[in-house]
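Those protein sequences? They're chains B and V, same order as listed. When you number the first sequence by our numbering, it's gap-free, plus one each residue, and the end is 318. When you number the second sequence by our numbering, it's gap-free, plus one each residue, and the end is 314.
You may find that some hints are simply not true.
Derived CB-CB ranges, DEER-like [claimed, not checked]:
hint : chain 1 : residue 1 : chain 2 : residue 2 : range
1    : B       : G228      : V       : A300      : 50 to 56 Å
2    : V       : D180      : B       : M27       : 54 to 60 Å
3    : V       : D289      : B       : L137      : 50 to 56 Å
4    : B       : L130      : V       : S49       : 27 to 33 Å
Derived contacts from chain V toward chain B, CB cut-off under 10 Å, selection only [claimed, not checked]:
hint : residue
5    : A61
6    : V63
7    : R65
8    : Q89
9    : M90
10   : F92
11   : E96
12   : L99
13   : L113
14   : L114
15   : L137
16   : L142
17   : P146
18   : D217
Covered stretches of chain B (in silico footprint by chain V; criterion: 3 or more residues with CB under 8 Å from a CB of chain V, positions within the stretch not fixed) [claimed, not checked]:
hint : stretch
19   : 19-29
20   : 208-219
What the hints contain is simulated information worked out from the structure, not anything from laboratory work. If you're wondering where the values come from, they're calculated on a predicted model, not measured in any experiment. No residue lacks a Cβ here, since even glycine has one placed at the ideal position from N, Cα and C.
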Amino acid sequence: MGRFILRRCIQIVPTLFFVLLVIFLLMKMIPGDPALVLLGPEASPEDVARFRVELGLDRSLPAQFASYVSGVFRGDLGRSLIYRQDVLSLIFERLPVTMTLSVCALSLAVLSGVPLGIWASLRHNRFSDLLITTFALTGVSVPIFWVGMMLIVFFVLTLGWLPSVGLGSWEKGAWDVASHLILPSFALAFQSMGIITRFTRSSMLEVMRQDYIRTARSKGLRDRLVLGRHALRNALVPVVTVVGLQLGHLLAGAVLTESVFALPGLGKLMVDAIMRRDYLLVQGEVLFIAVLYIFVNLAVDVIYAFLNPKIRKSYGGA
Amino acid sequence: MDILEVRNVGKTFPVRKNLFGRPTLELHAVRSVSFSVPRGSVFSIVGESGSGKSTVANLVAGVHRPTSGEILLSGEPLKESDRRRACVQMVFQDPESSLDPRKTIRFQIEEGLLIRGMGNARERSGRVSAMLDLVGLGRDLLPKYPHELSGGQKQRVAIARSLILEPQLLLLDEPTSALDVSVQAQILNLLMEIRGTRTLTYLLITHDLKIVSCFSDRVAVMYLGRIVESGTVSDIVDSPLHPYTRALLSAVPDPGRRMTSDPVRGEIPSPLDPPGGCAFRTRCPDASDVCETPPPRVLAGGREVSCHLHSGRT
Chain B
1 MGRFILRRCI
11 QIVPTLFFVL
21 LVIFLLMKMI
31 PGDPALVLLG
41 PEASPEDVAR
51 FRVELGLDRS
61 LPAQFASYVS
71 GVFRGDLGRS
81 LIYRQDVLSL
91 IFERLPVTMT
101 LSVCALSLAV
111 LSGVPLGIWA
121 SLRHNRFSDL
131 LITTFALTGV
141 SVPIFWVGMM
151 LIVFFVLTLG
161 WLPSVGLGSW
171 EKGAWDVASH
181 LILPSFALAF
191 QSMGIITRFT
201 RSSMLEVMRQ
211 DYIRTARSKG
221 LRDRLVLGRH
231 ALRNALVPVV
241 TVVGLQLGHL
251 LAGAVLTESV
261 FALPGLGKLM
271 VDAIMRRDYL
281 LVQGEVLFIA
291 VLYIFVNLAV
301 DVIYAFLNPK
311 IRKSYGGA
Chain V
1 MDILEVRNVG
11 KTFPVRKNLF
21 GRPTLELHAV
31 RSVSFSVPRG
41 SVFSIVGESG
51 SGKSTVANLV
61 AGVHRPTSGE
71 ILLSGEPLKE
81 SDRRRACVQM
91 VFQDPESSLD
101 PRKTIRFQIE
111 EGLLIRGMGN
121 ARERSGRVSA
131 MLDLVGLGRD
141 LLPKYPHELS
151 GGQKQRVAIA
161 RSLILEPQLL
171 LLDEPTSALD
181 VSVQAQILNL
191 LMEIRGTRTL
201 TYLLITHDLK
211 IVSCFSDRVA
221 VMYLGRIVES
231 GTVSDIVDSP
241 LHPYTRALLS
251 AVPDPGRRMT
261 SDPVRGEIPS
271 PLDPPGGCAF
281 RTRCPDASDV
291 CETPPPRVLA
301 GGREVSCHLH
311 SGRT
């Protein structure tokens with residue numbers, strides 16, 4: 001197991017390098033001179049040239065890339081031009097909001113998706129199965145911002161049960177914080193819930209067809225134990241992977257959700273940065289999210305390996 | 001007494017349902033099948049895929065409930081609660097899927113005893129070891145997982161785990177067709193040896209007539225959900241009566257003989273829409289107009305055939 005983790009960690013290095021390269025080149029491909037954008041159209045050519053030297057834009061591409069990479073490894077993602085603040089510290093300032101939102105949404109998605117998927121598989125081709133799969137398909141198909149707006153229309157404007165936008169504050173009590181999180185979490189969770197439901201259902205159906213399920217029944221095991229001891233354990237292994245990958249999707253979905261609900265998280269920061277052409281902030285955030293995604297994937301792989309005796313054993317036991 | 005008696009058993013599966021859950025299209029997997037298996041014998045059911053032979057095995061195992069007819073086990077009708085009887089156990093075709101990939105070999109063999117609360121840990125462990133000896137596997141396999149075993153080893157484990165509950169009837173659903181030819185022989189020999197040491201009845205489901213001829217006492221040939229011919233192995237193999245049986249037998253490859261022509265014309269018709277009258281008439285070399293009416297069941301000298309060709313032979 002240790003060897004497996006080590007190997008996976010080493011595999012991260014080229015991925016990371018590639019991510020850095022892609023982000024760097026993408027930023028270079030954006031039309032327009034950053035110096036010109038920053039200084040405005042009235043800047044004199046001399047000012048622009050001086051500013052370009054200051055930003056290092058006059059050097060060759062490989063040299064720029066090298067200094068970018070070395071900066072990243074020193075934890076220097078540059079300074080945001082609109083916030084006049086270090087990019088990394090800005091990210092860490094906003095991260096808790098996004099993390100809370102993502103974790104709430106993921107918990108919601110897993111806690112509803114997995115049971116719904118199991119239930120649908122047990123009622124295969126019955127009415128409740130149809131109902132659940134339709135619900136899940138709706139979740140997969142409907143865009144997040146639309147769900148968010150509908151939720152606001154219904155629960156905030158029509159019923160007036162929940163506050164619509166912004167963060168709650170702890171001074172007003174835990175309910176204030178929670179009530180501000182309910183709608184965005186649900187809007188963000190809906191899609192993942194649909195995906196997890198569908199995946200759990202098909203994985204369960206697949207496993208329930210296996211002969212070892214029939215065998216377990218013929219051994220005299222009661223249905224509930226057949227489910228718990230043989231079916232679920234096998235069916236949920238691939239679900240773990242999907243759940244892990246959803247965390248990445250949730251980070252992307254957070255961009256939309258935070259915009260709709262005006263939550264000051266990473267997503268909102270990103271949208272603002274893009275709108276106002278804060279190149280270094282966009283670049284830093286994309287890198288941060290990519291790295292986060294890589295490590296989530298690593299964690300998923302390790303958990304998957306731990307759950308799967310095939311992989312566990314082939315790397316020399318735990 | 002017969003350990004297993006199947007009386008006029010039929011099974012239909014709904015294929016399509018309307019809005020109210022009423023079936024609008026049904027698949028007759030098994031139609032009015034009857035046979036009986038004497039205790040301690042080997043009874044085989046042969047047929048192509050889609051002939052309904054595995055459905056018969058599932059009905060006997062209690063996985064499905066028959067739509068019509070009844071199944072008697074040692075003279076007692078099969079009940080819903082009998083699905084968990086220890087006295088009928090199954091060995092499946094694919095050893096890959098018949099073992100839980102996330103459980104050790106020891107647990108899989110022992111589980112049947114655990115469920116029934118049989119013996120203490122030491123007794124159970126002793127019986128597991130005895131079963132491993134019986135199927136010719138070493139005890140070093142016990143802590144392993146299925147993926148570490150070969151196909152033949154897995155099938156031995158499947159046999160060991162089915163025998164640990166001391167069943168009287170073992171259902172073998174294509175037990176060798178997923179294995180290499182050399183391993184097939186080993187497994188068949190093992191099954192024969194085991195039968196020598198205890199009173200055990202085999203119901204063998206297969207498409208392989210070679211296995212049947214060296215392994216079985218009686219045979220039933222199925223086509224599109226019906227038994228078209230049944231009798232002792234020597235009857236069926238040496239003097240087949242039904243054209244379908246003849247075709248099946250001539251389809252067995254023989255190195256000394258060149259295949260003359262296609263033994264059976266065309267594909268098996270869809271069981272959703274089987275031909276009326278004799279189901280085999282669309283592929284039968286001897287078909288005539290009379291075959292559009294249902295064939296008679298002709299009983300003669302311990303064997304049974306349903307074919308118009310033999311209607312005069314009672």
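Problem set entry | Interface hint compliance - F92 (chain V) to chain B, C-beta minimum distance less than 10 Å | holds, 4 Å
Exercise. With a cut-off of 10 Å, does the beta carbon of L142 (chain V) approach a beta carbon of chain B closely enough for the hint to hold?
Worked result: Interface hint status for L142 (chain V): violated (14 Å vs cutoff 10 Å).
Exercise. According to a criterion of three or more residues whose C-beta lies within less than 8 Å of a C-beta of chain V, is the stretch 19-29 of chain B covered?
Worked result: This one is violated; 0 residues, fewer than the three required, reach chain V with a Cβ under 8 Å.
Problem set entry | Cut-off 10 Å, beta-carbon criterion: hint that L114 (chain V) touches chain B | holds, 9 Å
For this session: Could you check if L137 (chain V) really has its C-beta closer than 10 Å to a C-beta on chain B?
Result: violated, 17 Å
Exercise. Holds or violated: is there a CB of chain B closer than 10 Å to the CB of E96 (chain V)?
Worked result: holds, 9 Å
Exercise. Per the coverage rule (Cβ-Cβ under 8 Å, at least three residues), is the stretch 208-219 of chain B covered by chain V?
Worked result: holds (count 9)
Exercise. Taking the closest Cβ pair, is L113 (chain V) under 10 Å from chain B?
Worked result: holds, 9 Å
For this session: Classify the hint on L99 (chain V) as holds or violated, based on whether any CB of chain B lies nearer than 10 Å to its CB.
Result: Hint on L99 (chain V): holds, closest Cβ of chain B at ~6 Å, below 10 Å.
Problem set entry | chain B contact restraint for D217 (chain V) - C-beta distance below 10 Å | With a closest approach of 24 Å, the D217 (chain V) hint is violated.
Problem set entry | Interface hint compliance - Q89 (chain V) to chain B, C-beta minimum distance less than 10 Å | holds, 6 Å
Problem set entry | Interface hint outcome for M90 (chain V) [beta carbon to chain B under 10 Å] | holds, 6 Å
Violated hints, in rising order: 7, 15, 16, 18 and 19; the structure is consistent with all others.
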